[in-house]
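Trainee: Kindly generate the complete structure, drawing on both the sequences and the hints.
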Amino acid sequence: MGTPTAEKAAEEQIHGVPLVQGGLDFTGVTDTVCSVCERPGATKGWYISFAIASTGALTLFAMIIYLFWTGVGVWGVNQPVGWGFAIVNFVFWVGIGHAGTLISAILFLFRQRWRTGINRFAEAMTIFAVICAGVFPGIHVGRVWFAWWMFPLPYQQLVWPQFRSPLLWDVFAVSTYFTVSLLFWYMGMIPDLATIRDRATSTIRRLLYGLFALGWRGSNRQWHRYERAYLLLAALATPLVLSVHSVVSFDFAVAQVPGWHTTILPPYFVAGAIFSGFAMVLFLAVPARQIYGLKNLITLQHLENMNKIILATGMMVGYAYSTEFFVAWYSGNPYEQFTFMNRAFGPYWWAYWTMATCNVIIPQVFWIRAARRSIPVMLTVAFFVNVGMWFERFVIVVTSLSRDFIPSSWGFYWPTWVDILTLLGSFGLFFTLFLLFLRFLPMIAMAEVKNVMPQAHAGHHGGHRKEQV
Amino acid sequence: MHKEIRAVGDNRSTGELSGKIVRFGVILAAVGAAASLILLFTGTGAERFFRSYLVNFAYFLSLSLGALFFVLIQHVTGAKWSIVVRRVAEVLSANIGLLAILFIPMILGMGYTYHEWLTPDAAEDPAIASKLGFLNRNFFIVRWVVYLGIWYLLTSWFYRGSVRQDETGDILLTLRMKRLSAPSLVLFALTVTFASFDLLMSINPRWYSTIFGVYYFSGGAVGAFALITAALIFLQRCGRLGMSVTTEHLHDMGKLIFAFIVFWAYIGFSQYMLIWYGNIPEETEWFLHRQTGSWTPVSWFILFGHFALPFLGLISRIPKRAKGALAVGAAWVLFVHWVDIYWIAMPEWYPNGVAFHLLDATLFAAMAGLFIAAAGRRLGKASLVPEKDPRLADSLAFENF
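Read top to bottom, the protein sequences are chains A and C.
Residue numbers for the first sequence follow this note's numbering, beginning at 187 and rising by one.
Residue numbers for the second sequence follow this note's numbering, beginning at -6 and rising by one.
To be clear, the hints were calculated from the coordinates, so they are not data collected in a lab.
Virtual Cβ for every residue (Gly too), placed ideally from N, Cα, C.
Please note that the accuracy of each hint is not assured.
[Claimed, not checked] Label-pair ranges, simulated between beta-carbon atoms:
#1 C/E392 to A/L368: 31 to 41 Å
#2 C/L351 to A/W346: 48 to 58 Å
#3 C/F304 to A/A333: 34 to 44 Å
[Claimed, not checked] Here are the simulated EDC-like cross-link-like pairs (lysine to aspartate or glutamate), alpha carbons at most 16 Å apart as the crow flies:
#4 C/K381 to C/D159
#5 C/K381 to A/E197
#6 C/K124 to C/D114
#7 A/K481 to A/D217
#8 C/K316 to C/E241
#9 C/K171 to A/E197
#10 C/K374 to C/E9
#11 A/K194 to C/D163
#12 C/K171 to A/E198
#13 A/K636 to A/D217
#14 C/K248 to C/E392
#15 A/K636 to A/E413
Mentor: Printed below as a string of structure tokens:
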């Protein structure tokens, strides 16, 4: 460590690097973020992406209408696999929707100040993912005109939903999660909306952003209350990060179906959800920072930190896979043992090994620092993690159902074109909402980023280490 | 360029206190061991002795492993606030060496604790026969040599690296410990999981639960955080660390205890609810033992004592910042964690009801004495804080806001 550069690198590793690069000051941060949504017309690339994404969303709606019109027979579900793509997609999208609240709530409580660069972005993604997830149980019920039975509404026959069913708990868990995430996202955005209002050049912009800024003036008292509310919402949202996917896992784990009924499922699902959520944030953040010139705000350090979380949660998922496999053997229960052998070597072996490769093997490159800091590598890994996590849900839902206790009732599930277009269409809906967000709302929490800059602290010279990663 | 906050005048060396702690520990251990041996040879018999021994061994092991987890997690995250409390955690984790010695009687007692799969009849029982390739005396001992070896290497490596930095101030040591902490956590997770299967789950070889490793880990972590907190407050009462460890650090320790109480409850709930709901006899048997006879109130006690009470007690910031209240909380958590371990192990041997025996307490005293003496001896060997850690200044200046 004799050379000054090595010493500097060591110093940076220990004390961190500044969160905002490029010598930006407060005005610089505001200009960088606001310029995106203040541009008079969107870029050509945005229009092309939006055209593709909204076509996808329309495809989703068309598939839903077709489904309602014709009936669930248009899907591949049948005996014995009654839960097909719809449930796979539901769990997949709920999982994606976990990174936002983890970043805004748990990382906030852990004083991870780097989260300010990416939290707005991740929270928005969370909300859109939960919207996509929410579509599926609703259209999966078969008789959609009874979908409102999912909610405990009293009506004249006094028939209530089954409160002992985790499917009902799901309705509560996901809707609570959605409400709190939306509140958290919106509340955090109020100061930034006020900034855009104050910079607005047209009356309509001033009125609209002003309406949603709720009369924010940035007074001391307002900031004080804002920060109290933020802390309280963070504390309330923290158990939600764990509870939502735990409840989703109960849908499977309370059953006696081999491969579903296992006690590690709740924390394993939570780890997997954070894993896939971070991969999705990364997958969106990397192009966005490139296109919109946000590299000084979402730095390589932010991306590296996210990659570390992907590695950590990926290891947890791998731990759960191996524990399940070991305990299936250890249990001495032939049905458990068969299910796991069937997953790995049965007719769906390709799904299992896609899952294992994408979720456990590929993220191992993140042990290498250079890989964590390489844009092409992280994009590739993020892509494969999302593929792998979709396949994980496919493996869980389909393999266990297709071959359970009685060989005479075994079956094989294969999706129809409607299933596949519905899945692709859900990505269309997700990207449509996300592109609208990029276009019209501040995609980085300006007020929060400013709060972790050295300029925010009196006498910051020399004592600037607090504000670092 | 480092902000120089050195807490001038603070007493950070254990000095003559170390000898006192060791003396207290040795006396406690001697009294405990003598009483245990008298009980062993005056009619109680080896069966009860080794079962109590296993419970207390599992308890102290979980504390050292939890302390190791604390150390590893500080390194892997590059935490700054915790530098001043890390040394105490390192010392507690380094007791693994002592626990490796204390493991030897465990081998002698296997016939009484793991008789379910050690008896020749096990081969006749189809539910056990298939796993005898894993559950057998030799492989069990081999696995424990591996676990203890890995834990010993990890704890002593991180402890020695930290102490060496007190003298050299070498910044590379910090970087090296950070780099090794991540793979160490992988080893930690695997060894703790399998060790918990071996140590506690296999007492009933018919029963299995995939979350069991996480359950043992979560209890150990919360116990260790409570022990670190209690040790810090004790050292402060003895006039040490008064300025280096502030209310802010204790507040954060309180937050960690609170968080892991909730985490433990989450894991415990997941295990219980899923088994209860699935209602498969081979799984519910385990909980049925704990809902039978006098074990039922113990189960309720754990629900309220290990979750509800500390949850409500520590949710506010006031008790976390009041030394006396926090000390009471930490002591309570250490107690209920012991009850939890007792509740995991004992009902499998005594399904008819709580069979508390004086040996449970005397062996606890013996092991606690040794644990305290070993920690006290090590506390005397180096400063109570990592003196030349490059982040020490940040830690001393740390404030919650």
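Trainee: Look at the Cβ atoms of C/E392 and A/L368 and judge whether their distance stays inside 31 to 41 Å.
Mentor: holds, 33 Å
Trainee: Given the hint that A/K194 pairs with C/D163, does the C-alpha gap stay at or below 16 Å?
Mentor: holds, 14 Å
Trainee: Keeping to a limit of 16 Å between CA atoms, is the pair of A/K636 and A/D217 held or broken?
Mentor: holds, 12 Å
Trainee: Compare the distance between the alpha carbons of A/K636 and A/E413 with 16 Å, and conclude whether the hinted pair is satisfied.
Mentor: holds, 14 Å
Trainee: Holds or violated: are the alpha carbons of C/K381 and A/E197 at most 16 Å from each other?
Mentor: Distance ~14 Å between C/K381 and A/E197 Cα, so the pair holds.
Trainee: Between C/K171 and A/E198, is the straight-line Cα distance small enough, at 16 Å or below?
Mentor: holds, 13 Å
Trainee: Lying within 34 to 44 Å: is that true of the beta-carbon distance C/F304 to A/A333?
Mentor: holds, 37 Å
Trainee: Are A/K481 and A/D217 close enough, with their CA atoms no more than 16 Å apart?
Mentor: holds, 14 Å
Trainee: With a cut-off of 16 Å on the C-alpha distance, tell me whether C/K381 and C/D159 pass.
Mentor: holds, 5 Å
Trainee: Given the hint that C/K171 pairs with A/E197, test it: the Cα-Cα distance must not exceed 16 Å.
Mentor: Status holds; Cα separation ~13 Å.
Trainee: Next pair to validate is C/K316 with C/E241; report whether the Cα-Cα distance is within 16 Å.
Mentor: With a Cα-Cα distance of about 11 Å, the restraint between C/K316 and C/E241 holds, given a limit of 16 Å.
Trainee: Holds or violated: C/K124 with C/D114, Cα cutoff 16 Å?
Mentor: Holds, at roughly 13 Å.
No hint from the list above goes unmet by this structure.
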